[in-house]
Amino acid sequence: VQDLLRSQLEDAGVNVAEVSEPVAKLLSEVAKTYASMQAEQAQSQKTIKLRSDQLISSVGQAYSFLDQLHLGLVMCDVFPQVVLTNYAAQSMLNGKSGKKKSWTLEEMSGIIHQDWNLADKVKTCLREMLPMEFKEVPCGELVLRLFIAPMSNKINEVQQPIGVIILMENITEQAVMARSKDEFFFIASHELRTPLTAIRGNSSLILEKRDKISADMMNGMLHDIHNSAVRLIDIVNDFLDVSALETGKIEMRTEDFELGDVVEEVLRDLGSVAADKGNKLSADSSLAALPLVIADRQRTKQVIYNLVGNALKFTEHGQVVVSGKSVGSLVQCFVQDTGQGMSKESHRLLFRKFQQAGDTNLLSRDSTRGTGLGLYISKLIVEQSGGTIRLESSEPGKGSVFCFTLPVAHQPG
Amino acid sequence: MQKILIVDDDPQMQKLYDRIFEMEEFQVDTADDGRSGMDKVRLFRPDVILLDIMMKNVSGLEMLSQIKADSASREIPVVVLSNVSDPKIVNEARVKGASQYVVKSEKEPADMVAIVKDVLANSGAAGAGYM
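Here the protein sequences come in this chain order: B and W.
For reference, each letter of the first sequence is one residue, going 151 to 563 in my numbering.
For reference, each letter of the second sequence is one residue, going 21 to 151 in my numbering.
So here's chain W without its partners, still in its complex pose (with noise of 0.2 Å):
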């Protein structure tokens, strides 16, 4: 069973994404912060992290740069999930070393599942997309 860790405050998105992807049979963990997802990084390993951008306290893109500076945690797949479409940050996220960037309003659930499997596939190979 592969493991997903979700990183939103928002709790609806939380609980939406938690649904689809214990649909999909996934193991899956969730932390409503930059803080408490690191925490739960080392923790729970998750095989992907889905990472949105805007949170209180320690925001995704710090989060981000966290989990990319930590050689445990370096080669985790992170898509990061955003209502925020800005190229400044969506450029940011790539620069960081984000596997995909989504704008979460953008994309159905079955989509969703779509890119995170084919992230997980892809995982270890070199680039990242943006859809």
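In isolation and in its complexed conformation, chain B is listed as follows (with noise of 0.2 Å):
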């Protein structure tokens, strides 16, 4: 710094050697000042870089904190467009395959219900500047509880909004049980009441009007009251079924046996079914060649008559086929039909307790197809005797496949 000093002042005309001791003082003042300051820079960065690194590490474990919360959680700014989505939130807002980490309020808005348009509450918060809470907010196949929050700070004495933040609690088995159990009282009391009254008002009509009765009628009537009976202690077995199999009170009696068997038997039973809607019920050949399951029988045949009972239901003038297939240490049964088949809104809810397919509203129910529990009954026997069952395919108009799975036998040996 000295040599740079003295020639620029040489350049500019200055007779150095005159002033020389003064400005040899200043100059080495100035170094000092010079080599101070650059230390003193050297000890800043140093600190920044520490200070740098504290606070790299500090949002680091703020967010794998928020990744940790199992609720969601979504920040956004002022204007307002997210800036942070927690791990739970992304896992909510993708649903079961996506791999999206983020998106704008449009966006999440689309995917969390039609009806329901978050942009427009996350702007309402901003503009109150009030929490809100919506209770049950339908996300995909989830049920949310969504917590809307402003966010403040404090800016020259008075509190600027700085974002919103969005708090979203999956609450789906919550919802779906409440559901159902107020479900079951719905259904369960329209179930029972329809045969019972059929049965008190033909044998009311008898009792007072027998004379004005003719022979048709009665038997008419008779056999009204006998089918009423009979679908009242299948409701009830269903019901009762449920509740056992739900609460583990069914004891699997498990056995070896040949699947193709019990096909038969359930393809004898349900013939004259078939006829009488024209279909062709039949067991596929690949159903003799597979290995011996274990399972329990009874409620095995149970499930297989549930699939096939539904494939002809659906199907008229058609075909059922029964067919089977070995895959490692599971044998897999298929109940494929060429009836009406199902729109895919209707998939994902069939295995529901109650659940009749492309039924979303309970007062369009049909009545006469059943309960709506034999393919929740037929998964929890199936699910309980150590396999699966799922729908394979379905498309309207084409028909569907089901298919259910059991463990194979231990071989002897």
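Read the hints as simulated data drawn from the structure, not as lab findings.
One or more of the hints may lead you astray.
With a straight-line Cα cutoff of 30 Å, these simulated DSSO-like cross-link-like pairs (lysine-lysine) come out [what the hints assert, rightly or not]:
| no. | chain 1 | residue 1 | chain 2 | residue 2 |
| --- | --- | --- | --- | --- |
| 1 | B | K331 | W | K108 |
| 2 | B | K427 | W | K60 |
| 3 | W | K60 | B | K331 |
| 4 | B | K362 | W | K127 |
| 5 | W | K76 | B | K463 |
| 6 | W | K60 | B | K362 |
| 7 | B | K548 | B | K427 |
| 8 | B | K463 | W | K60 |
| 9 | W | K76 | B | K494 |
| 10 | B | K548 | W | K76 |
| 11 | W | K76 | B | K271 |
Make one complex out of these two single chains by using the hints.
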């Protein structure tokens, strides 16, 4: 620095020798100051680096803390643009298969519910600076509880909005439980009352108006009373099965048996039902080649009966075929029909309690189609036997294929 | 002879009410959902309608709205029948203009006849009762 100053002074026409002593002093001071500034700067840089590292580590901790939360968290700024979405929120918004990590508020609104605009709610929250809570918001297959709260900061002694925080709690399970309890009472009372009304009404008519009733009519009435009693027993059995299977009170009597034999029994039982609707009901030759399975034979028959019964219910002048396949330690059994099939929308709730395909409104249930417990009971039985049950494929107008699996029996030796 | 239309998707219920009202010498016609029910309302022109709530395709409540929205059928008294005794649904039926709401399992055939005859006698009069 001293050399630099000297050469610059000389360039400017100053006789450096004349002023050499005071300049040298000055220059020495400048040099000292410069050196101490450099030392300070180095120290500051060290401190900045340390603080930045600390900050990065704190932010990292905060992010990782937010990602550990089971509550979904979305943070928006004042514009309002999404600035942060934690892992739980990402999984809720992605559903089963998505891998997306960021969404705009509009995109989130599209996922959450078509009639429920998240972006609007966030804007309202920002405008009114008041927290809002929404108890049951459908989001794809989930039900969420949402809490939207404003965030503010004191700037120049005034609270200024800085954004909005959205908390999302997945309450699907509670919502489904609560709904199925309500539905149980609603449907159980309806399903039980209908055959009871037929029994009460017809028997009452017979008692009061016997003289006015022709032989034909009497025959019809007695048949209706009998059919209603049978229907009532079926319903009560379904309810008892559900209750026993749900609480694990049914003992599975496992034995080794041939699935093909059970299929044959079901086809014999349902032969006349198939014929009544002009359906061809058959067992594929693949069943004969299957290894023995280990499960409760009677309960397995109930599952096949349910699946074939359903297939026949939704098929007219078509075909229902039962086939099998052995895959590793499991046997797969397929029930394929050429019936009505189902829309994509009805696939997902199919194995739920009381569900009838395509049924979204309790008031438009088809009461002649049964309790809607058949597939649910089948699912409970198959799962308790160590297998799985699923809808393999279905297309409106083309038919459906259901599949369930059971474990292969251990071969002796 | 008075005409009664029975709209119920359950064949057993349909047959039961058919028998009850045929014995009372009503002219009876039946439909098994709201859609065919509306066609029957236009063609059969009943004096009274027995309407079930829980039905496939078009529910009883939807059909009730359609009956009351059409000037040709608005005046026909409708007895809503159901085995659903949910107060919300009872209220909705009341708001939509049902003359009576009956829980099927609670009534004997003779009660049903009395209710329908009563509704017919009062048809045109304002107000709805609930049994």
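Here is what the structure says about each hint:
no. : hint             : verdict
1   : K331/B to K108/W : holds (17 Å)
2   : K427/B to K60/W  : holds (27 Å)
3   : K60/W to K331/B  : violated (37 Å)
4   : K362/B to K127/W : holds (21 Å)
5   : K76/W to K463/B  : holds (15 Å)
6   : K60/W to K362/B  : holds (28 Å)
7   : K548/B to K427/B : holds (17 Å)
8   : K463/B to K60/W  : holds (27 Å)
9   : K76/W to K494/B  : holds (19 Å)
10  : K548/B to K76/W  : holds (21 Å)
11  : K76/W to K271/B  : violated (37 Å)
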